[in-house]
Each structure stands twice: as C-alpha cells, then as structure tokens.
Amino acid sequence: AQTIHQWPVAEIKAVGSPLSLGCTIKGKSSPNLYWYWQATGGTLQQLFYSITVGQVESVVQLNLSASRPKDDQFILSTEKLLLSHSGFYLCAWIDNSQNTLYFGAGTRLSVL
Amino acid sequence: QQQVRQSPQSLTVWEGETAILNCSYEDSTFDYFPWYHQFPGESPALLIAIRPVSNKKEDGRFTIFFNKREKKFSLHIADSQPGDSATYFCAARNYNVLYFGSGTKLTVEP
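Chains as they are written, first to last, in my numbering: chain C, 5 to 116; chain U, 33 to 142.
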C-alpha cells in the first residue's frame with residue numbers, strides 16, 4: 005500500500021525567514037507528485053507538479069519553489085516567507101489507474 | 033479568472049433530505065471532474081468523480097449529474113446524514129492541473 009508522509013506537521017515562522025517543507029511517498033514507483041496550498045477557510049490551489057525526478061512545473065507564482073531530488077521526495081521551499089504564505093500545504097500523488105489524487109496529512113504554516 | 037465556479041457557499045439541510053451542490057466551468061478541455069470532501073482539520077478526500085463521456089455517476093448515496101453542453105455538474109447527496117457535514121469541493125482537471133471550486137460548507141441538521 006502507498007503511504008505519503010509530510011513534514012513537519014506544523015510550523016510557526018517569522019516573516020522573512022526561510023522555509024522547507026517535505027513530502028515522501030512510499031510504495032509507488034515514479035509517482036506524479038503535486039503541491040497544493042489552502043488558505044484558512046479557502047479553496048485549494050495547485051502550486052507545482054512533478055512527473056519525474058529533477059523536473060518540476062510551476063502552476064502559480066507565489067514566491068515559492070519546489071524540487072524533486074529523489075523519485076519518492078518532493079520539497080517546497082522559499083528563502084523569504086511572506087505573511088500571505090500562511091495556510092495549509094498539501095502534498096499529493098495520483099494513482100493513474102484510478103485517476104485519483106490522494107493527499108497527505110498536510111503541514112499547517114503560520115507566518116508571523 | 034476562476035476556472036471552476038461553485039455554489040452555494042453554504043447549505044443547510046435536514047437529515048434525510050437531498051443536498052444539491054452545483055459547479056460550472058468554461059474550459060472545454062477539462063477531462064475529469066471529481067468531488068472532494070474535507071472535514072475540519074483534515075485533508076480533502078475523494079468522494080466520487082466523473083468523465084465527460086458520462087452524464088451520471090452513482091456511488092451509494094452520492095450522485096454526480098454532468099451536463100457537457102451547459103458545462104455544469106452537480107453533486108446530489110441523498111438521505112443526508114449529520115456525518116455528511118463537511119466542506120465539499122468540486123474540481124476539474126486539465127492535463128496535470130486540478131482546479132478546485134471555492135467550496136460548499138454543508139451542514140446536516142438532525
């Protein structure tokens with residue numbers, strides 16, 4: 005069975021500080037991976053997707069970057085946090101056989 | 033420009049009633065239309081999905097009605113239960129991007 009793990013579970017960071025969020029998927033070879041962001045009480049917005057190691061496509065510009073250093077790992081980062089970066093960050097993978105997007109448990113980020 | 037429009041923003045029904053949530057889209061290249069629900073503090077989870085080759089998809093108490101000509105689709109929750117209370121998001125996919133609607137907060141009163 006596939007499992008997706010996100011870290012950390014929650015972060016409280018200062019404006020202007022750097023950020024790195026991680027996501028690891030186990031039990032799935034060469035998954036398509038995705039990053040989503042959800043403002044408190046808001047909808048989900050896709051940030052990035054990656055279909056293979058080393059390749060990342062940006063969907064929206066939010067002063068964030070993403071990398072895929074390993075087949076099972078997806079990293080979201082920025083060098084300088086803004087207040088507007090606060091929210092719920094979700095990593096997801098797609099099961100192509102079922103056409104289903106599965107989300108990780110997410111990371112709650114508060115930027116103060 | 034919002035790719036997927038969702039209404040109503042909030043909906044309250046009595047237990048046993050049918051809840052109807054609506055979505056519309058503009059981009060005719062969308063090829064997959066899922067509905068997700070999300071409970072407070074949790075991640076979204078897939079409820080049911082449909083492809084444009086079908087106009088109806090049922091799974092237990094949940095039914096999607098899809099109108100390709102009008103670019104509209106809706107989720108019907110029959111015999112609503114208090115445990116169905118959650119926020120529901122419709123979505124539409126274009127290649128590797130999934131666009132979500134703004135969400136409907138459903139409350140089922142006992």
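Since the hints were derived computationally from the structure, they do not count as laboratory data. Do not rely on the hints blindly, as some may be mistaken.
Dumping the calculated SDA-like pairs for lysine to any residue here, alpha-carbon to alpha-carbon at most 25 Å [unchecked claim]: (1) U/104 x C/30; (2) U/89 x C/11; (3) C/30 x U/101; (4) U/88 x U/119; (5) C/30 x U/70; (6) C/32 x C/66; (7) C/30 x C/54; (8) C/32 x U/78; (9) C/32 x U/88; (10) U/88 x C/104; (11) C/30 x U/88; (12) C/17 x C/64; (13) C/74 x C/19; (14) U/89 x C/64; (15) C/30 x U/89; (16) U/88 x U/73; (17) C/32 x U/137; (18) C/30 x U/137; (19) U/103 x C/32; (20) U/103 x C/63; (21) C/30 x C/92; (22) C/32 x U/129; (23) U/103 x C/104; (24) C/30 x U/129; (25) U/137 x C/74; (26) U/88 x C/63.
- prompt: Do the alpha carbons of residue 30 of chain C and residue 54 of chain C lie within 25 Å of each other, as the hint requires?
  reply: Holds, because 16 Å separates the two Cα atoms, which is no more than 25 Å.
message: For a C-alpha distance cap of 25 Å, please report whether residue 17 of chain C and residue 64 of chain C respect it.
response: 22 Å, holds
field: Agreement of residue 30 of chain C and residue 129 of chain U with the hint, judged by alpha carbon distance not exceeding 25 Å
entry: Holds, at roughly 23 Å.
- prompt: Going straight from one Cα to the other, do residue 30 of chain C and residue 70 of chain U come out at no more than 25 Å?
  reply: 24 Å, holds
query: Holds or violated: are the alpha carbons of residue 32 of chain C and residue 137 of chain U at most 25 Å from each other?
result: 33 Å, violated
Pair hint outcome, residue 103 of chain U versus residue 104 of chain C [Cα-Cα no greater than 25 Å]: 22 Å, holds
Restraint status (C-alpha distance of residue 74 of chain C to residue 19 of chain C at most 25 Å): 29 Å, violated
Restraint check for residue 103 of chain U with residue 63 of chain C, where alpha carbons must lie at most 25 Å apart: 23 Å, holds
message: Can you confirm whether the C-alpha distance between residue 88 of chain U and residue 104 of chain C stays at or below 25 Å?
response: 18 Å, holds
task: Given the hint that residue 30 of chain C pairs with residue 92 of chain C, test it: the Cα-Cα distance must not exceed 25 Å.
output: 22 Å, holds
field: Distance restraint between residue 103 of chain U and residue 32 of chain C, which requires alpha-carbon spacing of 25 Å or less
entry: Judged against 25 Å, a Cα distance of about 34 Å means the pair is violated.
- prompt: Going straight from one Cα to the other, do residue 104 of chain U and residue 30 of chain C come out at no more than 25 Å?
  reply: 37 Å, violated
Hints 1, 2, 3, 6, 9, 11, 13, 14, 15, 16, 17, 18, 19, 25, 26 from the list above are not met by this structure, while the remaining hints are.
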